[in-house]
Amino acid sequence: MATREMITGGPWPDRYTFSPAVRAGNLLFISGMTAGDESGTIVGRGDIVGQARYIYLKMAGVLAAAGATFEHVVQTTEYITTTEDYAKTAAVRREVFAPPYPAATGVIVAGLLREGALIEISAVAVLPA
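When we follow the working numbering, the leftmost residue of the sequence shown carries the number 48, and every step to the right adds one.
Hints may be right or wrong, so weigh each one.
[What the hints assert, rightly or not] List time: in silico SDA-like cross-link candidates among lysine to any residue, alpha-carbon distance up to 20 Å:
| no. | residue 1 | residue 2 |
| --- | --- | --- |
| 1 | LYS135 | TYR148 |
| 2 | LYS135 | ALA112 |
| 3 | LYS135 | HIS119 |
| 4 | LYS135 | GLY108 |
| 5 | LYS135 | ALA176 |
| 6 | LYS135 | ALA145 |
| 7 | LYS135 | GLY114 |
| 8 | LYS135 | VAL69 |
[What the hints assert, rightly or not] Label pairs and their in silico Cβ distance ranges:
| no. | residue 1 | residue 2 | range |
| --- | --- | --- | --- |
| 9 | THR50 | ASP132 | 36 to 44 Å |
| 10 | ALA137 | ARG51 | 31 to 39 Å |
| 11 | ALA145 | ALA176 | 19 to 27 Å |
| 12 | ALA107 | SER86 | 14 to 22 Å |
Just so you know, these hints were derived from the structure itself, not from any lab. Please read all numbers here as calculations on a predicted model, not as lab measurements. Yeah, the Cβ is synthetic: ideal placement off N, Cα and C, and Gly gets one too.
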């Protein structure tokens, strides 16, 4: 079995029972992220585009901590609570990713753990050698 290493991209409270990301061999599994800032406040409340941009900003920090960039991301999963304006998040993906785009899955959910979150995004990356 590959050794697992937690990647945080910044301070990480011991009270959490999950890692922001886990490196296993040359794979990086990034946990679902919402647009919560360091104090837990949702950034872009009511704005799925603003929330998506903030999530990708946070994700960039985790990728950098693992020595990767968005070009190393091969798969994303987006959990969304509303389809209103969701199509606009495609423009955000174009800001972040270049062709060929990562594989992607979108899932409509009744709600997310963080109150006010409209979208949560997880990802898988193949790390550079």
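Now the hints, each set against the structure:
1. With a C-alpha separation of about 16 Å, the suggested pair LYS135 and TYR148 falls inside the 20 Å cut-off, and the hint holds.
2. A threshold of 20 Å between alpha carbons decides the hint, and for LYS135 with ALA112 the separation of about 29 Å lies outside it, so the pair is violated.
3. Of the supplied pair hints, the one linking LYS135 and HIS119 is violated, its CA atoms being roughly 23 Å apart against a limit of 20 Å.
4. Distance hint between LYS135 and GLY108 is unfulfilled; the C-alpha atoms sit about 23 Å from each other, more than 20 Å.
5. Distance check on the hinted pair: LYS135 and ALA176 sit about 34 Å apart at the alpha-carbon level, beyond 20 Å; violated.
6. Taken as a hint, the LYS135 and ALA145 pair is honoured in the structure, with Cα atoms around 17 Å apart against an allowance of 20 Å.
7. Distance check on the hinted pair: LYS135 and GLY114 sit about 29 Å apart at the alpha-carbon level, beyond 20 Å; violated.
8. With a C-alpha separation of about 30 Å, the suggested pairing of LYS135 with VAL69 is violated against the 20 Å cut-off.
9. Taking the beta carbon of each, THR50 and ASP132 are about 42 Å apart, inside 36 to 44 Å as hinted.
10. Roughly 33 Å separates the CB atoms of ALA137 and ARG51, a value that falls within the hinted 31 to 39 Å.
11. A hinted range of 19 to 27 Å holds for the C-beta pair ALA145 and ALA176, which are about 20 Å apart.
12. The hinted window of 14 to 22 Å between ALA107 and SER86 holds, with their beta carbons roughly 20 Å apart.
In the structure shown, a violation is registered for the earlier hints numbered 2, 3, 4, 5, 7 and 8, in ascending order.
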